[in-house]
Amino acid sequence: KNQVEQSPQSLIILEGKNCTLQCNYTVSPFSNLRWYKQDTGRGPVSLTIMTFSENTKSNGRYTATLDADTKQSSLHITASQLSDSASYICVVSLGGGSNYKLTFGKGTLLTVNP
Amino acid sequence: GAGVSQSPSNKVTEKGKDVELRCDPISGHTALYWYRQRLGQGLEFLIYFQGNSAPDKSGLPSDRFSAERTGESVSTLTIQRTQQEDSAVYLCASSKQGRAPEAFFGQGTRLTVV
Chain A
1451 KNQVEQSPQS
1461 LIILEGKNCT
1471 LQCNYTVSPF
1481 SNLRWYKQDT
1491 GRGPVSLTIM
1501 TFSENTKSNG
1511 RYTATLDADT
1521 KQSSLHITAS
1531 QLSDSASYIC
1541 VVSLGGGSNY
1551 KLTFGKGTLL
1561 TVNP
Chain B
672 GAGVSQSPSN
682 KVTEKGKDVE
692 LRCDPISGHT
702 ALYWYRQRLG
712 QGLEFLIYFQ
722 GNSAPDKSGL
732 PSDRFSAERT
742 GESVSTLTIQ
752 RTQQEDSAVY
762 LCASSKQGRA
772 PEAFFGQGTR
782 LTVV
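So the sequences go chain by chain: A and B. Residue numbers for the first sequence follow the working numbering, beginning at 1451 and rising by one. Residue numbers for the second sequence follow the working numbering, beginning at 672 and rising by one.
A portion of the hints provided could be inaccurate.
Here are the simulated DSS-like pairs of lysine-lysine, each with C-alpha atoms no more than 25 Å apart in a straight line [claimed, not checked]:
#1 Lys1551(A) x Lys767(B)
#2 Lys1487(A) x Lys767(B)
#3 Lys1551(A) x Lys728(B)
#4 Lys767(B) x Lys1507(A)
#5 Lys1556(A) x Lys728(B)
#6 Lys1556(A) x Lys1507(A)
#7 Lys1507(A) x Lys1487(A)
#8 Lys767(B) x Lys1556(A)
#9 Lys688(B) x Lys728(B)
Hints were generated in silico from the structure; no laboratory data involved.
Given only the sequences and the hints, what does the whole structure look like? Please build it.
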C-alpha cells in the first residue's frame, strides 16, 4: 500500500533554533516528492520539489533532502522565525504511466515560540 | 479563474441534513482531490479524480459521502444525513498531468454540523 509517514506529529521550538522534519514513504514507483507548508486557516502551498536524482535542495532557510534508496526525506529549517509556525506536509507523486497520483502525509505541526 | 475556488467558504447545517460542497479547479488541471481536515489534524484523503478515468473512492468514510466530476470541470462533494463528526474543513486540490504535478489547493469549506 502506498503510504507517507511523517514525524514528529508536532514540534515546539524557540525562535532562532533549527529543526528537522522527517518523511518516510512506501510509494512505488516513485516520481517525486514535495514539501508543502500549510498556514492556519489556509490551503497548503508547495515549498520545494525533489526528484529521484536529487539529494538536496534549498529554498531560503528551508533545505530538503532525499534518499531514494531508503525512501526517506527531511526538511530542515534554519534560524526559525515565528512565521514558520505551520503544518508541513510531505507529498509523494506516484510514477509510471500518465497518472501521477499524489499521496499526502498527515503533516508535522510546527510551533515557533518567541 | 486564477486559482482553485471552493464554495461555500463556511456552512453550518443541522444534523441529518444533506450538504453539497463545490470545487472549481484550475482550468486545464486534469487531477482533482478532495481532503478532509478536522481541527488540529492532518489531511485525510477522500477521493481522487483523474480525467475521465474511474475515480479512486477509497478514502470516502461511509456511503453517506459521494462526489462527482464531469470531465475536467467542477466537482461536487455531497454528504447525506450529516453527523456531528462530519464537522471539518473540506479541501479541494487540482493538478496538471505530468511528471512533477504540483497540487494547488482551494481555501476550503468549513463545515459545522450542529
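Would you pick out the hints that fail for this structure and give their numbers low to high? none
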